[in-house]
Structures are given as C-alpha cells and as structure tokens.
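**Student:** Okay, here's what each chain looks like letter by letter:
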Amino acid sequence: KAGVTQTPRYLIKTRGQQVTLSCSPISGHRSVSWYQQTPGQGLQFLFEYFSETQRNKGNFPGRFSGRQFSNSRSEMNVSTLELGDSALYLCASSLAGGPNTEAFFGQGTRLTVV
Amino acid sequence: AQKVTQAQTEISVVEKEDVTLDCVYETRDTTYYLFWYKQPPSGELVFLIRRNSFDEQNEISGRYSWNFQKSTSSFNFTITASQVVDSAVYFCALSEAEGNAGNMLTFGGGTRLMVKP
Numbered sequence: 001k002a003g004v005t006q007t008p009r010y011l012i013k014t015r016g017q018q019v020t021l022s023c024s025p026i027s028g029h030r031s032v033s034w035y036q037q038t039p040g041q042g043l044q045f046l047f048e049y050f051s052e053t054q055r056n057k058g059n060f061p062g063r064f065s066g067r068q069f070s071n072s073r074s075e076m077n078v079s080t081l082e083l084g085d086s087a088l089y090l091c092a093s094s095l096a097g098g099p100n101t102e103a104f105f106g107q108g109t110r111l112t113v114v
Numbered sequence: 001a002q003k004v005t006q007a008q009t010e011i012s013v014v015e016k017e018d019v020t021l022d023c024v025y026e027t028r029d030t031t032y033y034l035f036w037y038k039q040p041p042s043g044e045l046v047f048l049i050r051r052n053s054f055d056e057q058n059e060i061s062g063r064y065s066w067n068f069q070k071s072t073s074s075f076n077f078t079i080t081a082s083q084v085v086d087s088a089v090y091f092c093a094l095s096e097a098e099g100n101a102g103n104m105l106t107f108g109g110g111t112r113l114m115v116k117p
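Protein chains in written order, with my numbering: chain A, 1 to 114; chain B, 1 to 117.
Everything labelled a hint here was simulated from the structure, so no lab data went into it. Just so you know, not all the hints are guaranteed correct.
Stated by the list, open to error - Facing chain B, from chain A, some residues (calculated, C-beta under 7 angstroms):
id, residue
1, S27
2, G28
3, S31
4, S33
5, G42
6, F45
7, R55
8, S94
9, P99
10, G108
What the hints assert, rightly or not - One-sided and incomplete, this derived list gives chain A residues near chain B with beta-carbon spacing under 10 angstroms:
id, residue
11, Y35
12, T80
13, L83
Ideal Cβ placement from N, Cα and C applies to all residues, glycine included.
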C-alpha cells in the first residue's frame, strides 16, 4: 500500500511570506502528526490531528497552524516566515494515534527561507 | 518534563564490527513507550522497535538487539556485524501515556552511524 506522501518535497520562500505543506496519510490512518527537524533543535513535535481535531500541540508560536480534512489529509501552514523556519518538515500517520502507536513517516518537505 | 538523550552524535565503525547506540530518557510517568527509528538519507523515519515501560525483556531481531533497563532509564540498541547499509541516523524516542491520548514523540538528538567497508 502507498506510504505517507508529502508535497512539495522542496520549497524556497522569502522571509515574511507564508507557506502551506500537504500530507496524505496511509489509507485508513486517522491520526496525522507533524514534526520539524533542524540541525540545531533536532526533531520537535508540532501538532497532531485526529478525526479533524487537533489533539496535541507542541511548543511553537501561533504562526504555525494546521488542519485535517475529512479524508484525513492534513495541511500545515506557516505564516510570516522567518529564516529560522528553514527545516525539514516531517509528517507521520498512524491508525488511531495513541502513545504506543507505530508512526509511519513521509520523506518530508524541505523548506528553505531566504 | 520528558527528555531523551543520545550522547553519541556520531559513530564510525568498520563493516562487521558490533556497535551499540546509547539512549537515556527522563519521564515522571509510570506508563510510557520507547521507540527506535532509523533515518536513511532519503529522509523518512523508519520504525524499528517499540517497548512499553512494563516490559523489560530484551529483544533480538536478526542483527538488531535492544536492552531496556528501567533502573538506569536506558534503552540501548546494538547492531551486530554491522553492514554499510546500516549507515543512517538513528533516533530514540519517548511517548508518555498518562493524560495523553495522542501520538506525540519526544526524540533524542540522534546518532549518525557510518559503517565503512
């Protein structure tokens, strides 16, 4: 079966712009989580959505937001981009979420802010 | 607050050597889950193993083995007879269960393993 698909794979944006990243989970998976990976901060949890509701949120400013659609696809949005937002953004899906759940990750979207 | 520490940022070995990746965690919960993920150059994280806090049995899967010790809050990962294909970044992660219905992983900083032929 198809894995987690993230689009686009690469993105270059200018400071101050906004960006939307997309994630299509594995068919049947209802939980989608987002992570930011940078050389300095490592992998950090952004938020998790389950059945179109945000279930958990990490410690990121309000410029980072997300949503989930009825087909479980998810988008995350970053407004007023800063240079420090340059990162690999990873999406993970799982059947129902839960703290003991194996998460399946996409290949990520590499965002560069110039 | 929860925390995962992987003290080894980079390890280099020659093929066929055994290598152990260390992971130390901190949590106040009594129920939690520990994971290891592998990140190859392509970027996606690949699940390797999950352990719950009540199961301290060691596990072996082929050339991979894991040693979980609650007394030292450690969950170490050993690769026996390493191969070039094992070259990747390996992450240890923690998920707390109490008061948390979701899937929220706290990752360590990762260990970059380079296996040379």
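**Student:** All the hints need checking, so say for each whether the structure fits it.
**Tutor:** Here is how each hint holds up against the structure:
no. : hint : result
1   : S27  : violated (17 angstroms)
2   : G28  : violated (15 angstroms)
3   : S31  : holds (6 angstroms)
4   : S33  : holds (6 angstroms)
5   : G42  : holds (5 angstroms)
6   : F45  : holds (5 angstroms)
7   : R55  : holds (4 angstroms)
8   : S94  : holds (6 angstroms)
9   : P99  : holds (4 angstroms)
10  : G108 : holds (5 angstroms)
11  : Y35  : holds (8 angstroms)
12  : T80  : violated (26 angstroms)
13  : L83  : violated (21 angstroms)
Going through the hint list in order, the structure does not satisfy hints 1, 2, 12, 13.
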